[in-house]
Amino acid sequence: MKPAHLIAALALAALTGSAAAQAPDPHLARNLAATCANCHGTNGRAVPGSGMEALAGTDKAKLVEKFREYRSGIRPATVMHQIAKGYSDEQIELIAAYFAAQK
Amino acid sequence: MMNLNRRDFLRTLGTVAAGGALYGCAGGTRAGGHVIVVGGGFGGATAAKYLRMWSGGGVAVTLIERNTQFISCPISNLVVSGEKQLGDITLGYEGLAKWGVRVIHDEVAGVDAAKRTIRLARGGEMSYDRLVLSPGVDFMYEGTPALNNAAAQDQILHAWKAGPQTVALRKQLEDMKDGGVFAITVPKAPYRCPPGPYERASVVAGYLKTHKPKSKVLVLDANEEVQSKKGLFLKAWSDLYKDILEYRPNSELRDVDVASRTAILEFDKVKTDVLNVIPPQRAGDIAAKSGLKLVNNRWVEIDWRSMESTSTPGIHILGDAIFPAPTMPKSGHMANQHAKLAAAAILNLLAGQAPSPTPLVMNTCYSFIDAKNAIHVASVHVYDADKKTLQPVQGAGGVSAARNELEGKAALGWAQNIWADMLT
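First to last, the protein sequences are chains V and Y.
Under my numbering, residues 1 to 103 are what the first sequence spells out, in order.
Under my numbering, residues 104 to 527 are what the second sequence spells out, in order.
Isolated chain V, as found in the complex:
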């Protein structure tokens, strides 16, 4: 298992607790993070000079906090405040863990 997948699986196991018996898709974090790639680059590696934020290797806690600030509206944005509202806390955790693991 790749490190990113392992982390994602652990994160998910921790989150879902008793629900873990449902055998969640081990690729959920990867799949969710891939929805960000259109703007933020494959695996969070944005095209240099494109003006888009590269998420790869960013500290997980920092990413989670930022995402939540977008969602609550504290952090000003053109579009992220609207997109962030489409993801649950659990999904944000998975996505942040995935990007943090991309070195």
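Don't take each hint at face value.
Pairs of lysine-lysine, DSS-like flavour, derived with a Cα cap of 25 Å [unchecked claim]: (1) Y/K345 <-> Y/K317; (2) V/K103 <-> Y/K291; (3) V/K85 <-> Y/K490; (4) V/K85 <-> Y/K187; (5) Y/K512 <-> Y/K491; (6) Y/K512 <-> Y/K312; (7) Y/K475 <-> Y/K333; (8) Y/K491 <-> Y/K338; (9) Y/K490 <-> Y/K396; (10) Y/K274 <-> Y/K475; (11) V/K66 <-> Y/K512; (12) Y/K372 <-> Y/K280; (13) Y/K315 <-> Y/K291; (14) Y/K491 <-> V/K85; (15) Y/K338 <-> Y/K291; (16) Y/K187 <-> Y/K475; (17) V/K85 <-> Y/K512; (18) Y/K280 <-> Y/K315.
No lab work stands behind these hints: they were computed from the structure.
Assemble the complex: chain V is given as a structure, and chain Y must be docked to it using the hints.
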């Protein structure tokens, strides 16, 4: 292992052909096999890359695309308005080789879903374990008889597939006299890129305002209202293009007079100098030819957990060709997201596992208002097991507060990143 050399590739194909093996590793969870992807646009190219990337090279992928270069529809309206050149929106397929995708520039003449084979136009058959069709749209000229021939279509352009027509429409606009009328017709929804016609009208108006200020832009819309970002477009037209741009709803094109570039409506005939007809659309021809179940005889019906045809096992369809989920636009961004949903599902299936039960996709679509300012619409869609479709997440998504230059830059940044995400 990210790269397969030719011999490895052929060996992989040989295994597939000889054993018909669906799963790469006996008893393991690693996906193997051969996936053929037809169509190298936003959906197909992304699917090809992600199948290779996510399988760690375990799945052999062949991409069949008729064109030798990819030309992007998003940003192509800026070529029409003269801000960009065709070269700025053109990319090669060589980046996919890095991922071990075999790219064949050809057309698919037929699909045998029972035997799981495809036939190439230039000859030869190939077998697949899973087939991905990302054929985009084909145009329906039945409703406008005078346009239903190639000669007429060379003069009355759509420019709704970026390429030579984009350049030709730019030329018509450059050649138009100051004081001329540029008319664009919008088909009834659904069609490719809901805000696209209004973006084109806007940036063309921007060009004319500066260079040919006596000219007019006329939007003849078959729909009863602007189909996307309505308030933002109407505000921009009123603020910036009040004396230039006229919007006419409920104005379905019934036919044309090619020689005089006249748009024939139900109760009216409109003489123009440049007539840009965006025809009604349906799934690309290969979908119907493959025997897939269509909705309204136009769009492919799919299972949203895997993008697999509801009628034909083993064939997954992406992008503009599908019957969309509620409020889901036909956009390049969406096709890219379909591709990742399908790639994940296919790899699970090839490894003997069920697809993810809760797929999620999102869309961001920018439109330029003029050379610098843009607006967006965004949405997030998640699978609803009861309704068996993707539903927009309530409270998420939305449009710009107002047109702005920051989003003009973001639109170009988005393009660079999505092009890289699919092709490099």
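The hints, checked one at a time:
Restraint check: the Cα-Cα separation between Y/K345 and Y/K317 comes to about 12 Å, which is no more than 25 Å; the hinted pair holds. Our distance criterion of 25 Å between C-alpha atoms is broken by V/K103 and Y/K291, whose separation comes to about 47 Å. Pair hint V/K85 plus Y/K490 holds up; C-alpha atoms about 22 Å apart against a cutoff of 25 Å. Proposed proximity of V/K85 and Y/K187 is contradicted: the alpha carbons are some 34 Å apart, above 25 Å.
Restraint check for Y/K512 and Y/K491: not satisfied, since their Cα atoms lie roughly 37 Å apart, outside the 25 Å limit. Simply put, Y/K512 and Y/K312 have alpha-carbon atoms about 22 Å apart, close enough for the 25 Å limit, and the pair holds. Proximity of Y/K475 to Y/K333 is assessed by CA-CA distance (about 19 Å); at most 25 Å being required, the pair is judged to hold. Distance hint between Y/K491 and Y/K338 is unfulfilled; the C-alpha atoms sit about 37 Å from each other, more than 25 Å.
Under the criterion of a C-alpha separation no larger than 25 Å, the hint pairing Y/K490 with Y/K396 is consistent with the structure, at around 19 Å. In summary, the hint linking Y/K274 to Y/K475 is supported, as the alpha carbons are separated by about 22 Å, within the 25 Å threshold. Simply put, V/K66 and Y/K512 have alpha-carbon atoms about 22 Å apart, close enough for the 25 Å limit, and the pair holds. Of the pairs offered as hints, the one joining Y/K372 and Y/K280 holds, with about 21 Å between alpha carbons and a cut-off of 25 Å not exceeded.
Between Y/K315 and Y/K291 the CA atoms are separated by roughly 30 Å; this puts the pair beyond 25 Å, and the hint is violated. Note on Y/K491 and V/K85: the hinted pairing holds, with a Cα-Cα distance of about 22 Å set against a maximum of 25 Å. Straight-line distance between C-alpha atoms of Y/K338 and Y/K291 comes to about 22 Å, which keeps the hinted pair within the 25 Å bound. Using a Cα cut-off of 25 Å, the hinted pair Y/K187 and Y/K475 holds, with the two alpha carbons roughly 12 Å apart.
Restraint check: the Cα-Cα separation between V/K85 and Y/K512 comes to about 23 Å, which is no more than 25 Å; the hinted pair holds. At roughly 8 Å between alpha-carbon atoms, Y/K280 and Y/K315 fall within 25 Å of each other, so this suggested pair holds.
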